[in-house]
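Protein sequences appear in the order of chains B and P.
Residue numbering for the first sequence follows the numbering used here, starting at 1 and increasing by one per position.
Residue numbering for the second sequence follows the numbering used here, starting at 1 and increasing by one per position.
Be aware that a few hints might be false.
Said to hold, decoys possible - Partner residues are not named here, just some residues of chain B that face chain P (Cβ under 7 Å, in silico):
1. LEU58
2. PHE98
3. ASP185
Said to hold, decoys possible - Pair ranges (Cβ atoms, derived):
4. P:GLU101 <-> B:GLY148: 51 to 59 Å
5. B:GLY148 <-> P:GLY234: 18 to 26 Å
6. B:LEU206 <-> P:TYR30: 45 to 53 Å
7. B:ASP177 <-> P:ASP53: 37 to 45 Å
8. B:GLU80 <-> P:PHE246: 36 to 44 Å
9. P:LEU42 <-> B:LEU128: 45 to 53 Å
The hints are simulated quantities; they were obtained by calculation from the structure and are not laboratory data.
All values derive from a computational prediction rather than experimental measurement.
Glycine residues also receive a C-beta, built at the ideal position from the N, C-alpha and C atoms.
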Amino acid sequence: MESVDSDAMLSLRDLRVSYGEREILHGINFDVKRGETLVILGGSGSGKSTLLRTLVGLEKPSSGQIWIKGMDIATISQGEMDDIRKRIGMSFQGGALFGSMTVGENVALPLREHTKLEESTIEIMLRLKLEQVGLAGFEYYMPSQLSGGMKKRAAVARALAMDPEILFFDEPSAGLDPIIAAGIDQLILELKRAFRMTIIVVTHELASAFLIADRMVLIDKGNVVAIGTTEQMRASTQPRVRQFLDRIAEPEVARELDYLQMLTEEHRPR
Amino acid sequence: MELVSQIGESVTNWFAYLGSLATLGVRAAYYTFVGPFQGRPLRLQRAVSQAMDVGVRALPILSLITFFIGLILALQSAYELRKFGALDLVATAVAISMTRELGPLITAIVVIGRSGSAFAAEIGTMKVTEEIDALETMAVSPIHFLVTPKFLAMIVMLPCLTIWANSMGILGGALFGVLQADFTWGRYIRASIDALFLRDIMTGLIKSVMFGITITAVGCLEGLSTGAGAEQVGRSTTRAVVMSIFLVVVVDLIFTVLFFFVGGG
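Let the hints inform the model, and build the full structure from the sequences given.
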């Protein structure tokens, strides 16, 4: 475990991930401290979703190390990985609730699979979890009867079922209207305050990112461009960070626009 | 040279595909037969509801199809037997071809259409909506959770459906026998039972278990290997049906050859 900070909940060392021949992540390094909320920012195709999938063990790294709770998940066995997975929660972009089960059964699934709790205890726990995400009384609804925001909340309840130490979010506000999205941000803030959970969020929503983050990482084309607190990011003069935060279009595209303008100007009546 | 390398590549792909099928089948068999003794209980409730879907709900359409097949078989064999004045052999011909071959095969094809495709579509949709990923991040094996109940339902229900299909086929033949060949219902059934050996029925049932394993493995594998996007689910479903029909016929051939040489027919 050389060079791994003991205070860190999760540490990445030179993490590389490839799909076939194409390398998506080119050596990622950062630590996530216990109890902090880290937001992974990045544009479409930056590799941020691949990074998240790798962190929860859905993709295998081609090289490098991922330390979670003192174990390198890049090298451990399936059984050890499952033990780690019981202590993390993941909220997927579309919720990924099981359509053939009620909301309550969805939330209770990890408990029924991994614990020997009495059915009555599980009932109480699933009500508690649903209450925490503001869905009290919805346990008998089917996922198809819920709105987009409610599905996300139910997915968070399911991710919380096993009282995870690390909670992962994939694009929590994607596809939601601003009010519902703000509600999800609020929920994340409440979880952070109430449980001191380590939370890792992948998003490209700047407003939401600055609201919930303790620290941020900006990923671009498979590399970490910048890492720092929200204040450090706001004050950064790094061109790529400024471009992302100030929402400036790619220079190539801008040049194309210039070119278009030049063409049209020639035909302008004098 | 290019042709050779292309042939080589498709042969390799074929073996890889068969390898994945075998892996899936072995893992499902492990969770079905070994897992319960290692503290991974079977999901009997899910298996029973799958069995309802796979078996009981298939009964009406399967009955109708095999009844007609039995009738067709009787008509076709009568066409030839009539020339020898041996119309009373119709019962034997129908009984043997139903139990040894057509009962299991028609049942398998009906089940592929109803359930093999449904397995691929269900698991494929779950793959597209990240539900399979969600299972994995919850440390729940998708094979244990999704494939094993289907596997169990299929290996129990296919032989049951096959027995039913055999009976319906014989009834279809009996309709012809009664109307055209001076049989009574009772005499036709008795003639059919007399014509059959236990071996005929058993070889058909062994085949049907193998068909059940094949259909489940193909349907679930196609579902699990679905790519991103809704149109991929359609593609997986189509592939599951075509592949299952092909492999069921191959398995049928293998076992028929085996029974021919080993069991003396």
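Outcome of the hint check:
1. Checking LEU58 of chain B against chain P by beta carbon gives a least distance of about 5 Å; that is within 7 Å, so the hint holds.
2. Restraint check, PHE98 of chain B versus chain P: the minimum CB separation of about 6 Å is within 7 Å; hint holds.
3. Evaluation of the ASP185 of chain B hint against chain P yields a violated restraint, the C-beta minimum of about 22 Å exceeding 7 Å.
4. For the hinted restraint 51 to 59 Å between GLU101 of chain P and GLY148 of chain B, the CB-CB distance of approximately 53 Å keeps it satisfied.
5. Taking 18 to 26 Å as the suggested C-beta distance range, the pair GLY148 of chain B and GLY234 of chain P conforms, at roughly 25 Å.
6. Checked against the given bound of 45 to 53 Å, the beta carbons of LEU206 of chain B and TYR30 of chain P, roughly 48 Å apart, stay inside it.
7. Hint check: ASP177 of chain B to ASP53 of chain P, Cβ distance near 38 Å, so the stated range 37 to 45 Å holds.
8. At about 40 Å, the beta-carbon gap between GLU80 of chain B and PHE246 of chain P stays in the expected band of 36 to 44 Å.
9. Taking the beta carbon of each, LEU42 of chain P and LEU128 of chain B are about 30 Å apart, not inside 45 to 53 Å as hinted.
Going through the hint list in order, the structure does not satisfy hints 3, 9.
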